[in-house]
Amino acid sequence: MPIAYNTPRDKIFDGVNIALLLVFAALTILPFLYVLAASFATEAEIASRPFFLWPNDPTLETYKYVFSTNTFLRSLLVTIGVTVVGTAVQITLTMLMAYPLSDPNLVGRGLIMRLVLFAMLFSGGMIPLFLVVKQLGLLDSYWALILPMAINPFNLIIIRTFFQQLPHELREAAEIDGANEFTTFWRIMLPLSKPIIATFSLFYAVGLWNDFMSPLLYISDSSKWTLQMFVRQVTISTDPSTTLGNLDPNYVPPKEGLKFAIIVIATLPIMCVYPFLQKHFAKGVLIGSVKG
Amino acid sequence: MVMTNLPGAADAVHPTTEDHSPHAATRGPRRRKTLLKRLRRSPVLYLMLIPGIVYFAVFKYAPMYGITIAFKDYLPFLGMQGSPWVGLEHFERLFSGPDFGRLMKNTLILALLNIVIAFPAPIIVALMLNELRKQLLKKFIQTAIYIPHFLSWAIVSGLTYLLFALDTGPITVLFNTVFDADVNFLADPDWFRPLIMAQTLWKGTGWGTIIYLAALAGVDKQLYEASMIDGAGRFQQLRYVTIPALVPTIVIMLILNIGNFLDTGFEQIYMLTNSLNREVADVFDTYVYFMGITNGAYSYSTAIGLFKSIVGLILILGANWLAKKYTESSLF
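Each protein sequence line maps, in turn, to chains A and B. When we follow this note's numbering, the leftmost residue of the first sequence carries the number 59, and every step to the right adds one. When we follow this note's numbering, the leftmost residue of the second sequence carries the number 980, and every step to the right adds one.
Next up, chain B with everything else stripped away, as it sits in the complex:
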């Protein structure tokens, strides 16, 4: 959802042109006068803004100030301001500690799997849906495959536990019978990543098709007619008409995905993590939770979170730069 909203958000956040308006450019008393006039003209508007500004100050910018505890030794009774500074101690501990390499590896592998498997899946399904000619059948399939998008990760994870349960889960029984194996999906670290991918595909693929189907609906029918006159078959129409029409959307979605590369989904991973698969399951997001909330190492876990936020910011800015360079649109 969030990602698909971005392109629109994009232009919306291109607001700064009015700052360069003649008003802003005029200097001296005249400018001050218009400013005052503008302020006086709309006091109600400023009143309406207050709750929103308070919200951003308290729940967005105060936590940003709270990042300072990553450079302190946070002690609850001393508070954020009173705790003593320790410089980069927590970062040194993070980078030299045994966990950093493992976290980085786990996060990167899941992120890569997302790009390589979960990203193309909706494109393929959208192309398949686009080839359907019976509208009723198309509607039926869409209605079915959109459902999981609306379910919480608690339910999806609950379903996973039931379907893959040892001895009684239908998928475990089927798999172990067919392959004459003895796999315990939920406990086996080797199966952690495939399970995460299966969940991601199951929950997100159907819904992910919407944006591509919208792009495909905009393809001019005459292009298909012209290609038919030129003798193009189904696959040639797909190759020379449909897919080229989809490329701009694919590029934008890919860039958005790169921006969110490190967001591996806290709820999903947290709920599939257990004491047996921690080795492969720990990613930055969940590790921050276990270290900070469970173990109470507030400063250390804030340092980890900060590291991730900074890398994330660089990725988003980089993705935006790519977008500007290779497509017409940019995110901001």
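Bound conformation, chain A alone:
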């Protein structure tokens, strides 16, 4: 860290620097505070006050309505299910492939690594992948949200490097004790890789939770929409209740307020796990770059 003197010039420098950074932090946070406040406001207040951090006339109307529709809850459950199952599938497949590739004696290792690398540099593109998914009969299936991205080549390579860095004596000792490779992997390597499993599971989970492109491409049945599709549809429509559905014909649901409520609800789960995310993601960035 640079050394500061306590001269007036340095104090001005520090003051300006802190002020600018605080402005940036405020610009990041204020939109959330506004959206949070507006989600509890009445339609009239949203229309008349351009910006506020506290509603004059707080109401739970929007949330009551959102949670009274089965469409929203369904999309929330779908997203939770896809994220949980998808993370399990993706991290399992990635670990299973990374481990053998870390064995220097594996025949064909160089070739497989080259094919993985080439797949990182060049891809068939959106349409051929779409046609493959279609031919597999996965359109409108939740597996289409999970399988096409099951193994991220970057993650694969970093996990493989991690396995390579574990002392080779561990494997030899296990083999002498009569363990086969899978037992070695399962009993010795996996317990050692708990931190890396946690980090990359979070990578996959956040990717699945936030994914918009896959549902856009592969899910056309609106009853199977994920939360992100829902957020999109509600925030661009002039009358969100057409997306959400309205069970009570006598009830006139709020319009603008719903958009704010949906954003709050969709952001909340990420905010709840944010401390973990921040820690593990930062670690992930640095794992990836330390060797560079």
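For the record, the hints were derived by calculation from the structure and aren't laboratory data. All figures in this text were calculated on a predicted structure; none of them were measured in a lab. What you were told as hints is all true, and nothing was included just to trick you.
Some chain A residues near chain B, calculated using beta-carbon distances under 10 Å:
(1) Thr-86
(2) Val-93
(3) Leu-173
(4) Gly-182
(5) Lys-192
(6) Leu-275
(7) Val-343
Sample of chain B residues with no beta-carbon within 12 Å of chain A, all distances over it, derived:
(8) Pro-1063
(9) Gly-1066
(10) Gly-1076
(11) Gly-1080
(12) Ile-1088
(13) Leu-1091
(14) Ile-1094
(15) Val-1095
(16) Phe-1098
(17) Phe-1158
(18) Ala-1160
(19) Pro-1168
(20) Val-1226
(21) Leu-1301
Using 27 Å as the maximum straight-line C-alpha spacing, the simulated BS3-like pairs for lysine-lysine come out as follows:
(22) Lys-252/A / Lys-341/A
(23) Lys-337/A / Lys-252/A
(24) Lys-122/A / Lys-282/A
(25) Lys-1200/B / Lys-1113/B
(26) Lys-1200/B / Lys-1117/B
(27) Lys-282/A / Lys-192/A
(28) Lys-122/A / Lys-313/A
(29) Lys-1117/B / Lys-337/A
(30) Lys-341/A / Lys-1200/B
(31) Lys-313/A / Lys-282/A
(32) Lys-1113/B / Lys-69/A
(33) Lys-1117/B / Lys-69/A
(34) Lys-1113/B / Lys-337/A
(35) Lys-1117/B / Lys-341/A
(36) Lys-1118/B / Lys-1200/B
(37) Lys-1113/B / Lys-341/A
(38) Lys-69/A / Lys-1200/B
(39) Lys-337/A / Lys-1200/B
(40) Lys-1118/B / Lys-337/A
C-beta: ideal position from N, C-alpha, C; glycine also.
Since the structure of chain A is already known, use the hints to place chain B on it.
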């Protein structure tokens, strides 16, 4: 994320040395024997590989084979193999059509804005954070500015729609009052690129500082002490100690950025595109979607995608060549 992972991935993918090991070099029956021995010794390892290989075959290499439809007239009932070949027809249509110039221009402008504005922003913020001496304040600001990185583009775009909404959006109201204007940010094509940049900066700047802060944390404290003894002030320390320490990281990140030059972010642009700003909003990625998925022109849109993939590949290989030439490390 992906980009910052690359340098590590880099060495990791330097795997081929073992191919030149004495084992591989020995010829004849002895070599065959060791090969067989090695194969027999680890059948479980090959079983573990199977799901991964199937994945790459089905979801990476089968689509690469699917590129052939760019040279065919794909008809769903004939399938990828059965559709008739048409040669370069789709490419001729693309290059001679009215859309190509517009797509190229829009993509290049956004890519340049990314390099000129979005790339330096995290460097500047990291340098500013590095000057903070109150650790608690630093932690607080970092915690705040990292948040948007974890939000989906659907949420960021939803926020954009609410904040910039005509008549009610706080930013629209503020702007139009202060400048006595009547701007409709979301519909006005002139405001499309500034909005995209604002989103990119808002979402990515904070998180982008991490890699630079890590590099700055590694700067030897003695360098600052020595510079102080030589009478260097804050700006001189910044100029002669801090920034030089950051240059290698900046160069690597810049090269990585050049490799991803044409990746303008499908989700972000798709969600800000509407019928009023299509003229400036269409980039290769979104155009492929509209042409292929919305209009069903599978072959034509595959041809566009292929064009972009090839240019992208050339850029990545070029960037890697640059990296090898000017820095110690390379990506692969």
